[in-house]
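Peer 1: These are the residues of each chain, in order.
Protein chains: 2
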Amino acid sequence: MTAPPRDRRKSNQEGDKVVFDDLMMQGEAPGLATYGPRFEELIDALQAGLTVAAEEERPTRLGIQPVIARSVVERAGYVEAFPHLLGAVHTYEGDEKRWRSLVGEMEAGRDWSEEHRMSDVVVLPAVCYQVYPHLEDVELVEPCTVDITGYCYRHERSHEPGRMRSFRMREFVRVGEPESVTEWRGRWLERARDWLSSLELEVAVEPATDPFFGGAARLMKPLQESEQLKWELVAEVEGGTRQAIASSNYHKDHFGGTFRIGAGGGIAHSACSAFGLERIALAVINRHGESPENWPLGVGKAVAR
Amino acid sequence: MTAPPRDRRKSNQEGDKVVFDDLMMQGEAPGLATYGPRFEELIDALQAGLTVAAEEERPTRLGIQPVIARSVVERAGYVEAFPHLLGAVHTYEGDEKRWRSLVGEMEAGRDWSEEHRMSDVVVLPAVCYQVYPHLEDVELVEPCTVDITGYCYRHERSHEPGRMRSFRMREFVRVGEPESVTEWRGRWLERARDWLSSLELEVAVEPATDPFFGGAARLMKPLQESEQLKWELVAEVEGGTRQAIASSNYHKDHFGGTFRIGAGGGIAHSACSAFGLERIALAVINRHGESPENWPLGVGKAVAR
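If you're matching them up, the sequences are chains A and B in order.
Take the first sequence: its position 85, counted from the start at 1, is 84 in numbering that gives the first Met the number 0, and no numbers get skipped.
Take the second sequence: its position 253, counted from the start at 1, is 252 in numbering that gives the first Met the number 0, and no numbers get skipped.
Hints are supplied without guarantee of correctness; some may be wrong.
If chains are identical, the list can't say which one is meant, so a pair holds when it fits in one copy or spans any two.
[Claimed, not checked] EDC-like cross-link-like pairs, simulated, lysine to aspartate or glutamate; straight-line CA separation at most 20 Å:
#	residue 1	residue 2
1	K96	E79
2	K251	E176
3	K96	E106
Hint data in this document are derived by calculation from the structure and do not stem from the laboratory.
Because the structure is a prediction, the values reported are computed rather than measured.
The whole structure should be built from the sequences, with the hints applied where relevant.
Peer 2: In structure tokens, the structure reads:
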């Protein structure tokens, strides 16, 4: 699953597969990767499976970008709670003359960011943040269910298997009256477990907390735990390493309050059911091997067709 | 095509379509957007069309991330030539105590980036940069052809219709001996024009130059022009506004030299044929209207199914 060593990649005499790994190649910075054709087909097959799993809910599919207005994550509380994980986009605001000397700094391997300033966008930390601003000041007569896929960025400083800094999340998001949200969340937890079991993965459902920064952890973790706001579905992604491959998060009225979303005369609640696509693919490969013929029926058939 | 005014989005009494636009909703920062279900289906249909157009070449499909190691864009010359467009990812490197006071700055609407430092990643400016590092020190016996789709970020400071800061590009990239690259590029220029004509778009093929920063423009633009290194396929994307919806770029030995890619005993040349997916979708909607039934056969059928 790691990139072939450089000395193996000497020529493409036997076709491009010698040059490009079929599954995964490491990027030039830790926690980054490029994925090969077979890995992408596996992701496609997983996506198709999730679309079928969600079908009866007829969620509204939205297309989202991997960057978002900084104002949204500021308002939503992400900046305050997770400054260590957030990627802020900075841009060059100096003039041409200054740039000529900064290029020299870059060529000498030194810092060239002196004239860079924080811009109005950040790299998207979690896909559901793209939804709430569009519901601002809306009164939800019916609960609203959204289906989104996007790349998230988290500035992880450790890089064990499956802990990427940039990764794809498929998320189903529910916003509405509290009961319609908690009931939906329970249903999705079952559905996620069933679907992952159909891939013959051994999955454990575990209560979880978010990696809050500093003192916020002492305040927030016990709260998340005691109220059971977050569940993770955990599986082995590489020999001996277990990771959360899916999760179910109940935000109560956090986003409803921030974005003034109403439901049933009160503040709307929200929850999301999230699937880490690369991690699920890694778990499938870890469990069944690299050959699609050995993968569970639906997935293997789709990829090997 | 613009977001409905806030006062129209009061409730979802008649279904989620009242809340979420079917095509496009503006983001909280200029040049950002969220796309609705019909727009995403149009993108899917365009993608399927491009896959068919490229089929005979059997390109290697790679999955790429919307961020990339800073070292790659430094080496490739992007930082030097386009500092004004690059989004550099900065991260918080201060401690917990300092963060408590910076949160206060944020809440007061002031700059909170004092302890942020440039990280080792940037937001991806062009998708083909993800390919060359994996070909480093490779001798190409046969030309190599890659098929990638990804989100690019450019810190555009003007925001006319179709000029987004974050957008999807489908790119076919060719790396190999000079003739195998120029011939391929000529073939793709024809193929791109034919495919866009099949969508009944009026497309003009125009020589183009990249938006180099400052003095680099004076040096590079005449070179790009005289050597006809870049062609753009231009179409109307909104009443009166024309944009490049596809382009064809010949890099000569620029990337081959930088990444030491060999071909035929010399330095490999490279070219890419790039399709701006949102812009092509906007051009289809501008030309044929918002109803899939009125879209050209292949596209409309796929979406309306």
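Peer 1: Which hints from the list above does the structure break, by number from lowest to highest?
Peer 2: none
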